[in-house]
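*Asks:* For the protein sequence lines, the chains are A and B, in the order given. Letter 663 of the first sequence, counting from 1, is numbered 1317 in the working numbering, and no numbers are missing. Letter 242 of the second sequence, counting from 1, is numbered 677 in the working numbering, and no numbers are missing.
Incorrect hints may appear among the rest.
Unchecked claim - Pairs of lysine-lysine, DSS-like flavour, derived with a Cα cap of 25 Å:
1) A:K1241 x B:K513
2) A:K1183 x A:K1217
3) A:K1264 x B:K513
4) A:K1192 x A:K1246
5) A:K1192 x A:K1217
6) A:K1221 x A:K1183
What the hints assert, rightly or not - With the C-beta cut set under 7 Å, the calculated list includes, among others, these residues of chain B facing chain A:
7) L539
8) V549
9) A556
10) F557
11) E560
12) W564
13) Q567
14) A569
15) S665
16) V679
17) T710
18) A716
19) K720
20) I727
21) I731
22) R735
If you're looking for bench data, these hints aren't it; they were derived computationally from the structure. Where is the CB? At the ideal position from N, CA and C, for every residue including glycine.
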Amino acid sequence: MKSMVENRAGRERALALVVALEILIFAFTGPHFLSAGNGFEIIRLGVELGLLALALTPVIVTGGIDLSVGSMMGLCAVVFGFLWRDLHFPIALAALSALAVGTAGGALNAVLITRFGGAPLIVTLGTYSLFRGIAEGLTRGVENFSQFPVGFLYFGQGYLGGILPAQTPVFVAFVVLYWLLLHRSVFGRAFRAIGFAAASNGDARWSGIPVNRRLALSYTLSGFTAAVASLIYVAHLGQARSDAGTGYELLAITAVVLGGASISGGRGSIWGTLLGLAAIVVLQNGLRVSALPVELAGILTSAILVGTIAVGRLRGRARSTVETEAEEDEMKNYQLAVLSTVIIAGSLIVAGSNWWLVKSVAPTGAPASAPSAAPAAPAMKRHTIAVMPKAKGDPYFVSCRLGAEAAAKELGQDLIWDGPADLDPARQNEVVEAWITRGVDTIAVAVVNAPGISTVLRKARAKGIKVLTWDADALPDARDYFVNQATPQGIGDTLADEANRILGGEGDFAIITGALTAANQNEWIKFIKARIAAKYPKLNLITIRPSDDDRNRAFSEAQTLMKVYPKMRLIMAISAPAVPGAAEAVKQSGRKDVKVTGLSLPNMCKPYVKAGIAESVVLWNTLDLGYLVVNASRQAADGTLKPGVDSIDGGRLGKIGIEGTQVVLGKPLVFTKANIDQYDF
Amino acid sequence: MKQRGIAIGIFWAVLLVTLAVRAPAFFDFANLRDMEVVNAPALIVAVGMTLIILAGEIDVSVGSQFAVASVVAGTLAKAGVPLPLVALLTALVGAGFGAVNGALVTLFGVPSIVATLAAMAFWRELLRWVTQGAWVEGLPANFQWMGLSQPQGELAILVAAAAIFGVFAWGLRHWQAGRAIYAVGSNRESARLAGLPVTGISMAVFVLMGTLTALAGVLDSVRFSQVQSSAGAGLELKAISAVVIGGAAITGGRGTLWGTLLGASVLAVIAPALTFLGINAFWEKAIQGGIILGAIVLERLSARGGGRSR
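This is chain A alone, in the form it adopts within the complex (with noise of 0.2 Å):
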């Protein structure tokens, strides 16, 4: 027993040692990363997670798991938003009935483990698709709930005393009380001693616990817990929709693990998980800080999770032979050594990849360091400017960012190009933050979700940071300006014409969207379905298909609605990957009578549109987007974009007119096989 405590101090120590690592090497590469500022908003954004990762450590000590804490988190969410809007109900009388919707799932996984006897990886990969398909069902995907009284908001969004994090106070409590029942209680060693008995496929009954009721307790808490995070998150971002939390649970865990807890059961503790969440967190906001490609976050975590386990998997093992105590010490340094060596190759991914970004993002010379080395714009200024899609990996914003990329060399401006890896407004807010306390001239965001990210944007205008909106608009009051590449209006306007040419004013047709809870595509939708109704009486939408931005997903869904609806005429797919995956679908039935249109990326649409599959394809022109938010960033940086100019020197866009706050780059591209092949994005 003493070597296996011994054996946990040594994990947490050789933890702490990364959590220290990570700070000292970011405190270096990120500009403002050791600001109390900083350290503030890392807690702030830390507290969900570690709310979940709280939620599961009891779990996990028991030897369970539980998967559905993220999907409990959207649930609670939407439950919340429906109790208070639509039903009128009190603040304070929702919340409780989210928490009591937490308690009650929880306590359903824990009936289905304890009564039903299923194993907890499977009861709750069950809950987790449950949960979320019931918040899904409940919403039909589209609804979602905002404005909520500010006083609610305080506790995701405000501070206290002008500096702490409102939530702040809410997880130290949790943390205590955590700290009290694993740690100080009967019922944290009635967790162990059932996680020990499951490791060594025993059963803890014989030791007179009561086995059912503390896993009764452990999943039933782990509910309610997953409700607070739920509330937090809703307060935080403004807004309460379906998909709150997606991912999470993975995160939640991995932090756990991280922290020491065995998944086989009987060893983990609060002080561990609070460690590994740390290890987490940090790195996520040091990598924003440096402007370092966040991707390295995930590889580098799950580098340091098999590296800890595996070297002390290894010291176990070697111990369990010969125990001596210089050989202790041998292997305590043995492992802080391969630890080390892990952070250290970290750091020179790290250092490679500064390089590698500054070669391909500013290849006009060095950045920040040597601005005299930019002779392509001598005269301008060299500004930092940082952008922001909706997600990375989406192919639409990978095009945006090569026609970005262009403009910061022509211009010979730093260019910080970062963003959620999938659509995730709680991490577009996180990003913002990182550069705020980085310090750079000017940000545009292609806003996600606008109540969400309105207070974080107004914080960054107040630290006089020029803030600029494209894609999609966040609150006005939030930004100084909005380059408008084409109104949701303007979009669904086109699409449904395409729809009324292509059909010949009458007939059937589908629409295959992205994910159900995509707001863009819902207001795309919206738009679509006014015009049809106002001036293409005729047409007829007979169903709406997810396709989740897959486009394997989008080809089976087209293969399907043209069985099931042989009069359907025309697919309408508006997520870039869905168009080429129905244009398949179409392609390979064979049938000529079906077309399909859609929002999607010229190139690849090419061959369905040359083919005479795709009738057509809408957009407007993404490198241009990308050019022009970059160009009036350096403009609004410089002075030149300012309230009461009607227009702009759009380089190699020419003029580019100013309405209002809006910059209009103008109508979307209907791309059809007459004009193509003049496009390459």
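Dock chain B against chain A, hints included.
*Replies:* Below, chain B alone, put in the same frame as chain A:
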């Protein structure tokens, strides 16, 4: 565990009868063929997952492996490598991924869920970093359907999936190696004492899993003329669900590939069935979760019923 199979079998029968009554077009040859072609790669992954779970392990990194394999296959084909060689090299890459997982689990003693959770994030993020989300476009004309005509290509995919399934279904029952997987999964220590090379067997199932996933990635990619770099998201949960719905014990040692086939079929049919029945897509996830939970509850209830009658 058998009861879970029976419970799912009943659900499956009810679903098919409902479809036969409400939407007979569901059983058209073209629809069945298309559904089989679309889901053949996922079935191959589920075959690998069955081996993994039977051996008492788990692999949540298959979705990421699948995506990397697809991009590798596309990149090789674009570079002019002939297709059979593309398939072989991609399979080797997959075997390599599996070997990394296997080594972490067997040599370094990292629990498989942790090792593969790390591998999942590692490969996915690395792929994102390298491709920046860009697709592999401009593939040679003979990439799609492996240079065959469409009906031939579809047949080739189905034959490949059926062959893989058949070999493993037969081998699990009748080969020593197959029995050894069950032995290791049901009790590792007994298996070791009985003289089985337990480390080698665990390693082998991970390598097989990686190889099968890579092959599935190739077979999935050749249905199209471009490779998307974000393929396979959520594939791991789909494969695990298929195995579990099929009645396998998550603790290892119990389960069959026929059960997995049933589980994979149920999961594959839900989305098209909803469209055929005119049910809204919004409830799809809830129904998926409901099936898994329903299987657990029914299994327990029928086990109790059986106990009473005895």
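*Asks:* Next, verify each hint and record whether it holds.
*Replies:* The hints, checked one at a time:
1. A:K1241 x B:K513: Distance ~22 Å between K1241 (chain A) and K513 (chain B) Cα, so the pair holds.
2. A:K1183 x A:K1217: 24 Å, holds
3. A:K1264 x B:K513: The hint holds at about 21 Å.
4. A:K1192 x A:K1246: 22 Å, holds
5. A:K1192 x A:K1217: Cα-Cα ~22 Å, so holds.
6. A:K1221 x A:K1183: 20 Å, holds
7. L539: 6 Å, holds
8. V549: Given a least distance of 5 Å, the restraint on V549 (chain B) holds.
9. A556: 4 Å, holds
10. F557: 4 Å, holds
11. E560: 3 Å, holds
12. W564: Nearest chain A Cβ about 4 Å off; hint holds.
13. Q567: Hint holds; Q567 (chain B) Cβ to chain A Cβ min 6 Å, cut 7 Å.
14. A569: Nearest chain A Cβ about 6 Å off; hint holds.
15. S665: At about 6 Å, which falls below the 7 Å cut-off, the nearest Cβ of chain A leaves the hint on S665 (chain B) intact, so it holds.
16. V679: 5 Å, holds
17. T710: 5 Å, holds
18. A716: Status holds, d = 5 Å.
19. K720: Because about 3 Å separates K720 (chain B) from the closest Cβ in chain A, which is inside the 7 Å limit, the hint holds.
20. I727: 3 Å, holds
21. I731: 4 Å, holds
22. R735: Interface hint status for R735 (chain B): holds (4 Å vs cutoff 7 Å).
In this structure, every one of the numbered hints holds.
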